[in-house]
Amino acid sequence: MPELELERELDLAVPDRTWFAEVNRTRLRVWEWGSPDAPPVICVHGAFDHGRMWDGFAPRLAGLGFRVLCPDLRGHGDSGRLGTGHMWLASALDLAELARLVGGGEPVGFVGHSFGGGQSLYVAGVWPEVVRWVVNLDGLGPPADQFEQRDIVEAATNSMTALARVSGPPRVYPSLDDMAERRGRVNVRLPGPWVEHLVRHGAAEVEGGGWVWKSDPMFSAGLPGDFDLAYLYAEFEMVTSVPVLVLTGSEHDTWSEMTDDEVADRVSHLPTAVHRVIDGAGHYVHVEQPEAVLAAIAEFVR
Amino acid sequence: MTATSVLVLHEIGDAAGGGPWRSALADEGWPADGVIAPDLPGHAGAPAPVGGGYDPADAAFFAAPLLPGEPGVVVGVGVNGWPAQVFALGGKASALVLVDGLGGPWLEPHQAIAAGTEWLRAVSADPAAVAPAPAGADLDPRLRHPIPPMSSRSHAIRMAEAMPVPVLVVESPHSGLDPADADDLASRFPTLVGLLRLPDRGPASIVAAITNAFR
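Protein sequence lines, in the order shown, are assigned to chains F and V. One point on numbering: in the working numbering, the residue at position 292 of the first sequence is 292, and numbering is uninterrupted. Take any residue in the second sequence, count from 1 to its spot, add 302: that is its number in the working numbering.
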């Protein structure tokens, strides 16, 4: 489907502005909506996504009277590349620097989805002085079974395989349709046109024909370490002064695989959090039910 | 065993980089094409890493493409003991040498998270550490802030107990562990060749021990 037609069907608005922020030794592409003089809110996308993921939600959020900034995280979209797959700390520092840059000495709001929700909480824990509030959209970390210890030799061997893979040339897809088909198999609840939109802005055409993901393959490589629920909870418990709203969908979905009890347990480790369930939504809460999410945010920041 | 190559991951923050290791290995007669002791990014004039971030895993990402086809000796110094152990566990080493590289100091999860916070706040408060790295500097200014090490004792034990290749442990006064703890950790390696205590961790005496053990 042609881009304009697609955007019309999804009721999307192209960003009002775009620019590059030079922060923390990297370059972040920032997509922006709303008045430049309004209080800033930074929207942080999830893993393998990009700032254009907010095309449907950001204009609505701007309508509440915010300047909405949606960066491509490092290693994603048009932003700087990764040196290693261990980018959690570096990316958090990027966001803190961006908040300082646009905040003019005042703290800014954060809305984060999935991995971006985790990043937003972490920034609030490390630099509470730069964060006014956090809205976390289904970003409470992976299900507990993903923290289970695997055989360490197997894990190390897999790491070596992944390192070799990301050092090689990226996979080239013959067409955007092929990429959409693959992405659609992962994000099963996302409507087809949304998958197309995410793919269109998440892919780059290569010389000689074909397409590659813009997200840095390095992001998926790492070494087996010791991070588990105890560390996740320790991170959450650092957020002691910044108000947090957690929104999760009522529907089971890829990356929304925790039970209600697991979600409640995670939230209980966020001392300042309130939790709301959005009916009729899966992992992409704000894409599936933008008006309900917007209403919850409006009430939260009032 | 007879190893024909040595990969050295020097300590993070060592402004001399791999140079002293390359010299010491050459002096011990290791063939030039078997010595892989790079200056890691941000050290000894080597360019800072892409994006400027540092993590204890960096050395593995940088050095993985340099690994020889045939596994050889892998040496991890200090913080880089962790990636060196992952190389060995992942089938990329015929022998492992840990120089003050067992891990530690050990921290509980909330202490480790607090250490990460402290490090990030220190980096972000230092304009030189956030600004682009100066080209050709002996040491990237960001490395004035020592990166938090692998600090989980249970993880260190898990790696040690699974180690499939011979291991030489070298401990110096720079170690983050007290001697009894280092003894205990070293004894967890089923393939321990020996634990050597040296008054310093200059490469010459360590390379002599490596040569004696593995060549």
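It should be emphasised that the hints constitute simulated quantities derived from the structure, not laboratory data. Just so it is clear, CB atoms sit at the ideal spot from N, CA and C, and this is done for glycine as well. One should not assume that every hint holds.
Stated by the list, open to error - Negatives, chain V to chain F, calculated, CB over 12 Å:
#1 A328
#2 P343
#3 V352
#4 E420
#5 A510
#6 A511
Stated by the list, open to error - Simulated restraints, written as ranges between beta carbons of each label pair:
#7 F:Q149 - V:T493: 19 to 25 Å
#8 F:T259 - V:E463: 49 to 55 Å
#9 V:D440 - F:P191: 29 to 35 Å
#10 F:P143 - V:A317: 41 to 47 Å
Tell me, which hint numbers fail for this structure? As far as the earlier hints go, 2, 3, 4, 8 and 9 are violated by this structure, in ascending order.
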